[in-house]
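Asker: Just so you know, the protein sequences line up as chains A and B, in that order. Per the numbering used here, the first sequence starts with residue 1, numbered consecutively. Per the numbering used here, the second sequence starts with residue 1001, numbered consecutively.
Keep in mind that the hints were calculated from the coordinates and are not lab data. Beta carbons: idealized from backbone N, C-alpha and C, even for Gly. Among these hints, one or two may not hold up.
[Said to hold, decoys possible] Label-pair ranges, simulated between beta-carbon atoms: (1) B:K1489 / A:T429: 36 to 46 Å; (2) A:N353 / B:P1114: 50 to 60 Å; (3) B:K1314 / A:D374: 49 to 59 Å; (4) B:K1158 / A:N304: 46 to 56 Å; (5) A:Y140 / B:K1432: 36 to 46 Å; (6) A:Y140 / B:A1130: 31 to 41 Å; (7) B:D1494 / A:N304: 42 to 52 Å; (8) B:C1093 / A:T429: 55 to 65 Å; (9) A:H24 / B:E1161: 49 to 59 Å; (10) B:E1404 / A:K229: 55 to 65 Å; (11) A:D71 / B:F1471: 42 to 52 Å; (12) B:N1484 / A:N304: 22 to 32 Å.
[Stated by the list, open to error] Okay, derived cross-link-like pairs now, DSSO-like style, lysine-lysine, Cα gap no bigger than 27 Å in a straight line: (13) B:K1289 / A:K98; (14) A:K7 / B:K1397; (15) B:K1316 / B:K1432; (16) A:K53 / B:K1540; (17) B:K1289 / A:K7; (18) B:K1027 / B:K1045; (19) A:K144 / A:K402; (20) A:K53 / B:K1432.
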Amino acid sequence: MLHAKYKTGLVFFPAFDWAISPTHPEREERLLYTQDQVFEEGLFDIDGIIEFKPDLVTIEDVQRVHFCVPDVCNVMTESHFISAGGAKTIGMALLDRKIERGFALVRPPGHHAMRVVHGARGFCNINIEAIMIEFLRQTYNIKKVAIVDTDCHHGDGTQDIYWHDPNTLFISLHQDGRTLYPGSGFTNEMGGPTAIGTTLNIPLPPQTSEEGFLYTIENIVLPIINDFKPEIIINSAGQDNHFSDPITNMNFSAQGYAHLTRLLKPDIAVLEGGYSIEGALPYVNLGIILAMAGLDYSRVKEPNYDPASIRQKTKVTEWIKQTGEVVLNNWQQKEKIKSEILNAKEFDERKRNIYYDTDNLIETQIETLRVCSDCSGVLKIDSSSDRGFRILAVHIPRKACKDCKEIGYRWYESEKSDRYDFVFLQDRTEDQYRVKKLK
Amino acid sequence: MIIGLDVGGTHADVVLLGNEGLIKYIKVPTDPTDLFTTVLSGLEKITEGVKPERISRIVLSTTLTTNAIVQKKYSPVGMIVSSGPGIDPEVFCTNSHYYPASGSIDHRGREIEPIDQNQIKAIAEHLKEAGIQHVGVVCKFSVRNPDQELQISEILNKSFEKVFLGHQISGNLNFPRRIATTYFNAAVYPIHRKFFEAVRKSLEKKGLKVPIHILKADGGTMTFESSIDFPGQTILSGPAASVMGSIAFASDEEESLVLDIGGTTTDMAILINRVPLLNPMGIQLGPYKTLIRSLETHSIGIGGDSAVRVENGKLKIGPERKGHAMAYGGPVPTPTDALFAMGIMQEGDRERSVKGLNSIAAELGIGLRDVSAKIFNLACRKILAEAQGMINRINSKPVYTVHELQEGYTVCPKKMLVLGGPAPYFAKHLEKLSDFDVSVVPGWGVANAIGAALARTTCEVTLFADTERGFVTAPEEKFTERVNKDFSKKDAVDKAYELLKQKALQRGANLDDLEMEVLEELQFNMVRGFYTTGRNIRVKAQVKPGLIHKFNSVADWISSDSGRLCNSL
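Sequences and hints are given; from them, build the entire structure.
Answerer: Following this line, the structure appears as structure tokens:
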């Protein structure tokens, strides 16, 4: 009989009755063949692999992370409450020591959902990892968290949410933004002025294969994580780097994903993208689960796997090595860059247009951060979309200093203009969320 | 008239039922080394003075196959296992003659790698040299496409007495369980066959030429003839017999918790409107997980004869049984002795009970009355806690659709039915300690045999359609047909019902008792590129476990005359 080396929790929620639209990649059928493979392999019978029923997240859980416009229920479906709930269930099981590792094999995904949510972008409405992390911070008093996003697309939503948080290390490995949605995630995107260096992007060239991914994990990601010393490592485990994925251009494999998992040793993995539903997902998920449980995965191979035919070119290898050096250098220089910025100005502003491809809407944002030397700084976001809503959102971070907290409340209370439909306040020091309707 | 016989650990219960009700019941001691004599003497005694032609049905529930597996007393089996990619099949090794082989089928039933004929021939040679007669063949995903199992079987057939194929035992996906279940079927086949052929011959000699039905772990029956290919389905039928015996007294509008309190263990199950809850995967026997359909039951080591002792200043009950209660000459005090000491039970040696309990009382520094109450209380509380645990486990089982998660059915029984030896003594106290509305199953002493007698034939059909590839199949039923793109879920359900009806009748069901239902129906649009290319449909249907209609009056009769029965059994 098989015994897992690490007690591993699984939430499997394939949402067999939910789709973005009937022929959308994010449809009912997506995890059907993964279910078949997982059932046929008898994974849930293995001693030390435990399947959990997902909890639902609460509206408060969502409001701890997002500003939903006009409100939470309008941007979420039932399935989002469950998929985020599945991640939360795994997080709780881990910190209650029911399991040593866990994998939330859930859909829909979340890593393109940013702090302000007007609708769906990149198939995501709410950020299920961030909702889990902030719940764990609130409930179990976790401080330092590392997120390694191995989805083929840049995890721009997670990046946005943790852009100003020096206690969350976010590293994204993805296909170069010049060749793939969402078009961001370059090495110079390193976080806001008070959190420089805890956002790191490693864009990889198309046709990156096992060699390139594993090189990056071993030589760039792991040394940085060791340096950062997180309490929990989370893997946003997108599976669309697979050579058979229909919407990307990479050459990764089930063996590669399993090996990556063994190297990274995430405490929690959360499924993100991956749309080769027959040729990749059944095998990649099997490989990841076995690797998490510390079991042998050497025989997990997709039917048309031929390592020789997907071996990466020397040029690709060289490119990856150079990118890695830039990232490592940025990480090492982060304190120096930060000290230069901190003295420069009191407020920092970023203006952005954010495109929601799934719902086809455009959001315009002006974000103002107080560049504080005592905490990561209070921030406000003036956000409007071409759907018509305009809101002002104030975020007071968890470890905000007294001044920042006061400023946050002042921003919230003094805003009375009917330019805004709503003013929101997210006070993480008190775990509070307030709404003011102005129109 | 019908006969029900249920072999237990200490004795076999036998009942004779007629249209007018329970005509006769007896108990004969079980000889675990000679179950044949036990069964036969039970059948002989119950039919004494009864004209053979008046008997229309015999249902047997025995521990034959369970004992064989637990004691590993069965003949050697050869296993040929083809896995394709995934977990190394070596880890599922069942026995010494276990051979992983090449060949591979994927989740949609497509052949990825052919079998190697020469390799199978070589394995067959090894098995023959080892003197093996029975072989199990299991391929991964054979329930989606049985061709490779059939090809291997073709090569083997001439050389072996019987070959068992994995796809024929269940339509469920689970390769390791398919291996274990096929192995058990092959392993107990000779014992099962020999035993029931001998029973049949003996009965025929007495002029009893009725079909013999055998009780399964899912609370249903099958005829001896159809059991030949699936003897493993008879393991652990004992708990099912008790549950079936309580059905007639359960509410048909409410959920009930059934407790069978025996000497060694208490078995629990759930009835939902008189239909027992099934375990979705299959029975577990010791460390072996199988695909054998069974009721959802939970067994704990607390019964009337559980050993009572003090450990580190704390009172402990069970899980071991050292013998009878002291009141009946046993070696150590038990909950039954506590009942004697409290004066609740009589007709035993109360003096011996008191003597045993006094030593426990002294250790705890309390009096006899307190210690007796404490023991009884603890036994009841442990049973209730385990029952709640089982209900919680059932309700925490994962579901895979938004609808089920939101509207999902949760089990919350308010009624409790108690049966087994000490049932009436426990019932009152269980009610006092809980919110359950507790009643004792009438005829509680032989309800298990009544349950066996009245259980209907059950079975299950799993159907899989893939309209992109253009077929519908139920390999377990040897059924495959070409279909068009417009084959719908409704067509699939109709087909499943048709196959289910055929199967049930063939396994001994009456047309009157075909209460069929769909357990699962899923349909997925298959999209390749941006176009819908077909449908992937999965349907599972079953004949619900329940009682045969013809003898409804028996249940009514037992129920109405319950006072007399309770007093007399």
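Asker: So, for every hint listed, does it hold in this structure?
Answerer: The hints, checked one at a time:
For the pair K1489 (chain B) and T429 (chain A), the supplied restraint of 36 to 46 Å is violated, since their beta-carbon distance comes to about 53 Å. About 56 Å separates the C-beta atoms of N353 (chain A) and P1114 (chain B), a value consistent with the hinted range of 50 to 60 Å. Between K1314 (chain B) and D374 (chain A) the beta carbons are some 55 Å apart, a value that agrees with the proposed interval 49 to 59 Å. A C-beta distance of roughly 37 Å is found between K1158 (chain B) and N304 (chain A), which places it outside the suggested range of 46 to 56 Å.
Between Y140 (chain A) and K1432 (chain B) the beta carbons are some 41 Å apart, a value that agrees with the proposed interval 36 to 46 Å. Taking the beta carbon of each, Y140 (chain A) and A1130 (chain B) are about 57 Å apart, not inside 31 to 41 Å as hinted. The hinted range of 42 to 52 Å is not satisfied by D1494 (chain B) and N304 (chain A), whose Cβ atoms lie roughly 37 Å apart. Range check, C1093 (chain B) to T429 (chain A): Cβ separation about 58 Å, and the 55 to 65 Å hint holds.
The hinted window of 49 to 59 Å between H24 (chain A) and E1161 (chain B) holds, with their beta carbons roughly 55 Å apart. At about 42 Å, the beta-carbon gap between E1404 (chain B) and K229 (chain A) misses the expected band of 55 to 65 Å. At roughly 48 Å, the beta carbons of D71 (chain A) and F1471 (chain B) sit within the given window of 42 to 52 Å. Between N1484 (chain B) and N304 (chain A) the CB atoms are about 29 Å apart, so this pair conforms to the stated range of 22 to 32 Å.
Distance check on the hinted pair: K1289 (chain B) and K98 (chain A) sit about 23 Å apart at the alpha-carbon level, within 27 Å; holds. Restraint check: the Cα-Cα separation between K7 (chain A) and K1397 (chain B) comes to about 19 Å, which is no more than 27 Å; the hinted pair holds. Annotation: proposed proximity of K1316 (chain B) to K1432 (chain B) holds, straight-line Cα distance about 22 Å (limit 27 Å). Proposed proximity of K53 (chain A) and K1540 (chain B) is supported: the alpha carbons are some 22 Å apart, at most 27 Å.
Of the supplied pair hints, the one linking K1289 (chain B) and K7 (chain A) holds, its CA atoms being roughly 19 Å apart against a limit of 27 Å. The straight-line distance between the Cα atoms of K1027 (chain B) and K1045 (chain B) is roughly 9 Å, inside the 27 Å bound, and the hint therefore holds. A distance of roughly 22 Å separates the Cα atoms of K144 (chain A) and K402 (chain A); the hinted pair therefore holds under the 27 Å criterion. With a C-alpha separation of about 33 Å, the suggested pairing of K53 (chain A) with K1432 (chain B) is violated against the 27 Å cut-off.
When the structure is compared with the earlier hints, violations turn up for hints 1, 4, 6, 7, 10, 20 and for no others.
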